[in-house]
Amino acid sequence: MNALQSVPLNHYILLSAMLFAIGVIGVLVRRNAIIIFMCIELMLNAVNLLMVAFSAHHGDGSGQVFVFFIMAVAAAEVAVGLAILIMIHRNSKTTDIDFLNKLKF
Amino acid sequence: MTQYAFYFLAFVSILCALMVVFSKNPIHSVLYLVLTFFSIAGQYLLLNAQFLAVVHIVVYSGAIMVLFLFVLMLLNLNTEAEPQKSTWLKFAAVISGGLLLITFVASLKGSENMALVQKNPEIGLTANLGKILFNEFALPFEISSILLLSAMVGAVMLSQKEKEAKQ
Amino acid sequence: MKELVWLVPLFPLIGFLIIGLFKNNFSKKLAGTIASGAILASFTVSLGIFIELLSGAEKTFTYTLFDWITSGDFSVAIAFLVDPLSSIMLLIITGVGFLIHLYSIGYMHDDEGYAKFFSYLNLFVFFMLLLVLGNNYLLMFAGWEGVGLASYLLIGFWFKNQSYNDAAKKAFIVNRIGDLGFVLGIILIFITFGSINYADVFGSAMSHPSNEPVIVLITLLLFVGAMGKSAQIPLYTWLPDAMAGPTPVSALIHAATMVTAGVYMIARSNVLYSLSPTTLTIVAIVGAVTAVFAATIGILQNDIKKVLAYSTVSQLGYMFLAMGVGAFTGGIFHLATHAFFKALLFLGAGSVIHAMGGEQDIRKMGGLKKYLPITYMTFLIGTIAISGIPPFSGFFSKDEILAHAFAANPLLWILGIAGSIMTAFYMFRLFYLTFSGTFRGTEHQKHHLHESPSTMTIPLIVLAVLAALAGFIGVPEVLGGSHLLEHFLDPVFEDSKLILFTNHLSHSTEYMLMGTAVGILILVILFARNKYFTNNEIPKSDEDKKSVFANLVYNKYYVDEIYDAIIVKPLDFLSGVFFKFFELKGIDSIVNSTGKLVIGLSDTFRRLQTGHVGFYIFMMVISIVAILFFNLI
Amino acid sequence: MITSALLFFPLLAGIALFFVKGEQVKKLALSAALIEFFISLVAYFQFDKAIANAQFAMSTPWVKSLGINFSIGMDGISFLLVLLTTFLLPLIILSANRNTYKNPSSLYALMLLMQFGLIGVFTAQDAFVFYIFWEIALLPIYFIALLWGGAEKVRITFKFFIYTLAGSLLMLTALIYLYFQTPAPHTFDLQTLYTLHLSQGQQNWIFWPFFIAFAIKMPVFPFHSWLADTYTDAPMPGTMLLSGIMSKMGVYGAIRLLLPIAPLGVQNWGTTAIVLAVIGVLYTSLLAMYQKDYKRLVAYSSAAHVGLIAAGVFAMNHQGLSGAVIQMVAHGISAFGLFFVIDILFLRTGTRQINELGGLRLVAPNFATAALIILLSSIALPLTSGFIGEFLLLAGIYQYSGMLAAFGGLTTILGAVYMLRSYQSAFLGDHTTVSSNFSDLVKEEKLIIVPLILVIFFIGIYPKPLMEIAEPSVKQLISIIELSVK
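Residue numbers (our numbering), protein chains in the order written: chain A, 1 to 105; chain B, 1001 to 1167; chain C, 2001 to 2633; chain D, 3001 to 3486.
Because the hints were derived from the structure by calculation, they are not lab data.
Hints should not be assumed to be uniformly reliable.
[What the hints assert, rightly or not] Covered, in the sense of this in silico footprint (three residues per stretch, anywhere, with C-beta under 8 Å from a C-beta of chain C), are these stretches of chain D:
#1 3357 to 3366
#2 3387 to 3393
#3 3398 to 3412
#4 3451 to 3464
#5 3470 to 3478
[Said to hold, decoys possible] A few chain C residues that don't get close to chain D, going by computed Cβ distances all over 10 Å:
#6 F2026
#7 G2106
#8 V2286
#9 Q2360
#10 P2373
#11 V2553
#12 D2560
#13 I2566
[To be verified] Below 30 Å or equal to it, Euclidean Cα-Cα: the simulated DSSO-like pairs (lysine-lysine) are:
#14 K3026(D) - K3443(D)
#15 K3159(D) - K2585(C)
#16 K3021(D) - K3446(D)
#17 K3446(D) - K3026(D)
#18 K2116(C) - K2029(C)
#19 K2364(C) - K2160(C)
#20 K104(A) - K2596(C)
#21 K2546(C) - K2364(C)
#22 K93(A) - K1090(B)
#23 K2596(C) - K102(A)
#24 K3292(D) - K2160(C)
#25 K3446(D) - K2160(C)
#26 K2028(C) - K2160(C)
#27 K2116(C) - K3021(D)
#28 K3446(D) - K2116(C)
#29 K1090(B) - K102(A)
#30 K2028(C) - K3446(D)
#31 K2556(C) - K2306(C)
#32 K3027(D) - K3446(D)
#33 K2556(C) - K2546(C)
#34 K93(A) - K1024(B)
Idealized CB from N, CA, C, for every residue including glycine.
Next comes chain A alone, as it looks inside the complex:
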């Protein structure tokens, strides 16, 4: 597996940029909170991919270690996010974010 990687770095960047953009589009388009969470996960993974690519490129492990931390944060975020979602759902029977606009002027 240590063969010469001939895949140029830019392609990785392109790939993660596209994934990130799709994640953003997903967050903007969908109204269902769960799907929005998933798209956020997607965006995070795009970033992880790039981190690993660059850590491999630079041969410095800290990039990959950082991915660990991102995963930890992602996990925490999902846990708390879904807990909030459940509570909202229990009160207002819906997870549609447009309905939740009480915090306004």
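Given chain A, work out where chains B, C and D should sit, using these hints.
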């Protein structure tokens, strides 16, 4: 050979990502998301980050996606009728996403297209990762543990049944 | 004696302080004596100085007390200057002042503000002495405004009556207008000459060419101050109203001393004035026009003090006419004689009013000859003196002015003669209406008619003697006298004689002028005599119709009303408009509206918080794109 | 050493007063103010009248990293203003003792803190310290006006606070800009700022933030709208502090900062500044003529006087400056006197409307004469304190331009008009219902009025001891200006 694998995995992950966003049924989008995670794990393998790939699969696909599925099933949200945003809004969203992509790509035009040459391929191994994790990143490691703890407490507290509020 | 010059102003100041501070714990008698004593003391000192000046060789002497203001190269000290001009003024002020103090002991006897009155009189004399003795323009200005203050206090002495207060306020403010010109003149002197002491200013002024614009401006500005203080044409309206004050005040302030301050100032700065002939012509013209203008108003006035007030304005016009034609000694001479006979006339009028129980309208008097013999005699001498009948003092001083006026420009002489004709007419009209004919007052007044007490008649007599004989100090060569006053005042005016060229008249023309003047005067007096004495005509009462011209003159050409309409009303209107619109609606609203603007802006931005999560994320993406975009280009 | 004593004593006394309860707070406050005045007298006798730059200086590093040190000291001009502050405070406290305010201990404490702020402003030798005290001085007066103010005190004090704050922020930006102009180890020290020699363009630019900040404080024409409301609405001690001393901060700031640092700027923009000041003088005098409320009338008149002082300062010559300095002291005294007269009127008749009063001279002759003397000193009658400054100011402005001096001079006439008009309708004429039982001056009031009148005549007749103090520093300031203007 690795190039083809890379392109194949890249294509798979983008396709599944699109399906995640545009599929009607939330369950389908969760499953497509799992597929994207697998393709990204494949990418890690290509980049010699074996330990990371495994952890990725375990944590993301295993834990987070299961959690999503669990919540979906709990709140039986898989009903088809999901309210749609106005088309105009969707159209604007796609445009802005595209714009974001273009700006990322534009930022690339300056840099020269150097091939990704692995300096020391075995950094992806668990031994090296462990060394780095516990030397330079000891403090962040501890803090992330506190983070996870607080997330757990938060999640538990939030999803408790309001017994006392009921009386 | 000269070293004691600082005593002269000190005595009245002490008098003022003693009476002012402890006025309620000593008797009227004591207050009167302290005040007059103070003036008598300073009179004796100034007499000593006068005698020393007469005999001694050293003509000018400055006595510095202490340093007043120093700031950079501007430094001025409280210092007194003794020279012939100031010593003559001293004599007049303290002399006439003392007589008037003596007079007012009797006149103000039954007034409850007795001590306060005397403290104000002493304050006035203090400021007037300061004005005359100062060796620099700023100290003169201090005296200048000080006398303005004293006249404000004395005019408004009976302050219960609002119209008297208005008169006092009017006097102060009109003086203040003149004083502004005076201050600007002083500042300009400092800027051009670097100092404001007379000696330095006149010394360095000699080297300046004639009619230099800066000097002309200085003299004009100073003349504005003189117009304000000595009630000349534009700024004279306050003097007739100043008659609201007690009569001794009118005698002292508005006849003898304060109003002559302007004449003294021009005489003192004669070097500057002779360096700017243009200003001199302006002064002459203003003087002549005022003389005639005020005389015309005087003819139809029915209040005894108003007639005398307008006659003062017109006599001051003569003094300025003298200054304008370069006859500085003539001006001072007329100032001296005028001080005597006008004070006499005012005190005479005072004793008439005192006898008539406050009545001032001459239509309600008449036939007082029998009841007030001394006043009658002294008033007659005064009237003859003022109309300029030889050998009384008025003739000599007025003739000298008319002679110089003729030498400068015959037109001025004609105006002068017209003025003196009218003066003679209204003075004798006043005299006959008050003293001859039958008594037209009420029975009650008739019953109370009595000759004034001795404290009032002695000053009248002394002043009558002075009015009669004062002329002899200035008998011109033409009439075989050596003009004593001119020789005495020579050191003061010698520089201006070098600069200013005044042509001389031949003896024959002078005789001719005197002859014509006296001839016309006698005709006018005879005309007045038969009009008011023989067929003792009484001026019409206010109600019945008068000819348009007579009405115009009687109402003082409506000058007061015009000033009111042009200046006072618009100023009040302007201040109202400024406050209501400009301030409240203008500037204040701008400031308040900036406040409202901020609140309005914050209101619009508030609407951005729509509450929709989707909207926030959308905004986030847009702004990230924008930031990246701007960073990358 | 004396400066720090002068500065910190009111602070300590003020804080101590907060905890004093009951009546004796009045005596304590008075004794604190008198001690402060005594210290300033001691300083007066040790003051060397020959030296121009700051004496009794004390400088300790404050914020070392930024190079800011807490340096205070008194040169001629600042010492005069400190003397004015320490002289007026006991009188203000005495006048405040006569009427009862709710929770007086905090009022007196705030007044002493105000003195602390003011003396800080006048003795600061470091621009940063100057700015700090500039803000500190604003706080106590804000609370005094807010807690003891009149009807719509909240709105008015809020407007006043924000208005002045906006101005001082402008000044802060300018100070920071200057800070970075100073050579490498940047410093706020005034002496180094004086030797900056900024280019003409810089000075033209830096003139405006300083001018606006000081113009708001003075106030000068377009920025004066806060004055009348604040002065009328604040409680009497507050108004006395505001008009007596605080309005001098603006002028002092212009003399201390604007003139030496940006002389070319002042020379370039001087005409606009003076024209604005003179318009302000005439404008506020006209406004004063219209007022019915005596306190508001005196407020506008004090704005007119300070406007003339500002014009004198911007004329940038020796007479203008020394006139401005002595007029600041004289105006402080006459403004306090006038407000004290109005306080007595209000205390006895409960009204400040001029036409409701009348004929007071009949019932209270001493009070009427005292009021007349104070009134005359405020319209610059010779031999009273107002005249010296007024004359020198007009001389200064005249050297700049004759027309402006003529217009500036109009204020003496307008001043006489509205002052005598108000005096006449309040004191002369026959007494109205309100003033029939008006009692004459009592002992405490005489205790204030007599020294005041003595000082008015003393400065009017023999101003040398005061002018001598300011003379060397004015000369030095002029030489700094001449150096860079030539």
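Results for each hint:
1. With 3 residues having a beta carbon nearer than 8 Å to a beta carbon of chain C, the region 3357 to 3366 of chain D meets the requirement of three or more and the stated coverage holds.
2. Counting residues of the region 3387 to 3393 of chain D whose CB lies closer than 8 Å to any CB of chain C gives 4, so the stated coverage by that chain holds, three being the minimum.
3. Under a criterion of three residues with beta carbons nearer than 8 Å to beta carbons of chain C, the stated coverage of the region 3398 to 3412 of chain D is upheld, 8 such residues being counted.
4. A count of 4 residues in the region 3451 to 3464 of chain D with a Cβ less than 8 Å from any Cβ of chain C is obtained; the coverage claim is therefore met, three being the minimum.
5. With a threshold of 8 Å between beta carbons, the proposed coverage of the region 3470 to 3478 of chain D by chain C holds, since 4 of its residues qualify and at least three are required.
6. Residue placement check: F2026(C) keeps its beta carbon more than 10 Å from all beta carbons of chain D (closest about 16 Å).
7. Every C-beta of chain D lies more than 10 Å from that of G2106(C), the closest at about 25 Å, which supports listing it as non-interface.
8. The Cβ of V2286(C) lies farther than 10 Å from every Cβ of chain D, with a closest approach of about 20 Å, so its non-interface assignment holds.
9. No beta-carbon of chain D comes within 10 Å of the beta-carbon of Q2360(C); the shortest separation is about 22 Å.
10. Every Cβ of chain D is farther than 10 Å from the Cβ of P2373(C); the closest lies at roughly 40 Å, confirming the non-interface assignment.
11. Distance check for V2553(C) against chain D: the nearest CB is about 30 Å away, which clears 10 Å, and the non-interface claim stands.
12. Residue-level check passed: D2560(C) sits 16 Å from the nearest beta carbon of chain D, beyond 10 Å.
13. For I2566(C), the requirement that its beta carbon stay farther than 10 Å from each beta carbon of chain D is met, with the minimum near 15 Å.
14. Straight-line distance between C-alpha atoms of K3026(D) and K3443(D) comes to about 17 Å, which keeps the hinted pair within the 30 Å bound.
15. Note on K3159(D) and K2585(C): the hinted pairing holds, with a Cα-Cα distance of about 16 Å set against a maximum of 30 Å.
16. For the proposed pair K3021(D) and K3446(D), the alpha carbon gap of about 28 Å is at most 30 Å, so the pair holds.
17. Between K3446(D) and K3026(D), the direct Cα distance comes to roughly 18 Å. Compliance with the 30 Å bound is thereby established for this hinted pair.
18. For the hint linking K2116(C) to K2029(C), the alpha-carbon distance of about 13 Å falls within 30 Å, and the restraint holds.
19. For the suggested pair K2364(C) and K2160(C), the alpha carbons sit about 26 Å apart, so the restraint of at most 30 Å is met.
20. The hinted pair formed by K104(A) and K2596(C) meets the criterion: a straight-line CA distance of about 23 Å does not exceed 30 Å.
21. Distance hint between K2546(C) and K2364(C) is fulfilled; the C-alpha atoms sit about 19 Å from each other, no more than 30 Å.
22. Taken as a hint, the K93(A) and K1090(B) pair is honoured in the structure, with Cα atoms around 24 Å apart against an allowance of 30 Å.
23. Between K2596(C) and K102(A), the direct Cα distance comes to roughly 28 Å. Compliance with the 30 Å bound is thereby established for this hinted pair.
24. Of the supplied pair hints, the one linking K3292(D) and K2160(C) holds, its CA atoms being roughly 22 Å apart against a limit of 30 Å.
25. Annotation: proposed proximity of K3446(D) to K2160(C) holds, straight-line Cα distance about 25 Å (limit 30 Å).
26. As the CA atoms of K2028(C) and K2160(C) are separated by approximately 21 Å, the hinted pair is consistent with the 30 Å bound.
27. Note on K2116(C) and K3021(D): the hinted pairing is violated, with a Cα-Cα distance of about 48 Å set against a maximum of 30 Å.
28. A hinted pair counts as satisfied when its Cα atoms are at most 30 Å apart, and K3446(D) with K2116(C) qualifies at roughly 20 Å.
29. Taking the CA atoms of K1090(B) and K102(A), the gap is about 23 Å. The hint holds against a cut of 30 Å.
30. Restraint check: the Cα-Cα separation between K2028(C) and K3446(D) comes to about 26 Å, which is no more than 30 Å; the hinted pair holds.
31. Note on K2556(C) and K2306(C): the hinted pairing holds, with a Cα-Cα distance of about 11 Å set against a maximum of 30 Å.
32. Restraint check for K3027(D) and K3446(D): the C-alpha separation of about 18 Å stays at or below 30 Å, so the hint holds.
33. Between the alpha carbons of K2556(C) and K2546(C) the distance comes to roughly 14 Å, so the proposed pair stays at or under 30 Å and holds.
34. In summary, the hint linking K93(A) to K1024(B) is supported, as the alpha carbons are separated by about 20 Å, within the 30 Å threshold.
Checked against the numbered hints given earlier, the structure breaks only hint 27 and satisfies all the rest.
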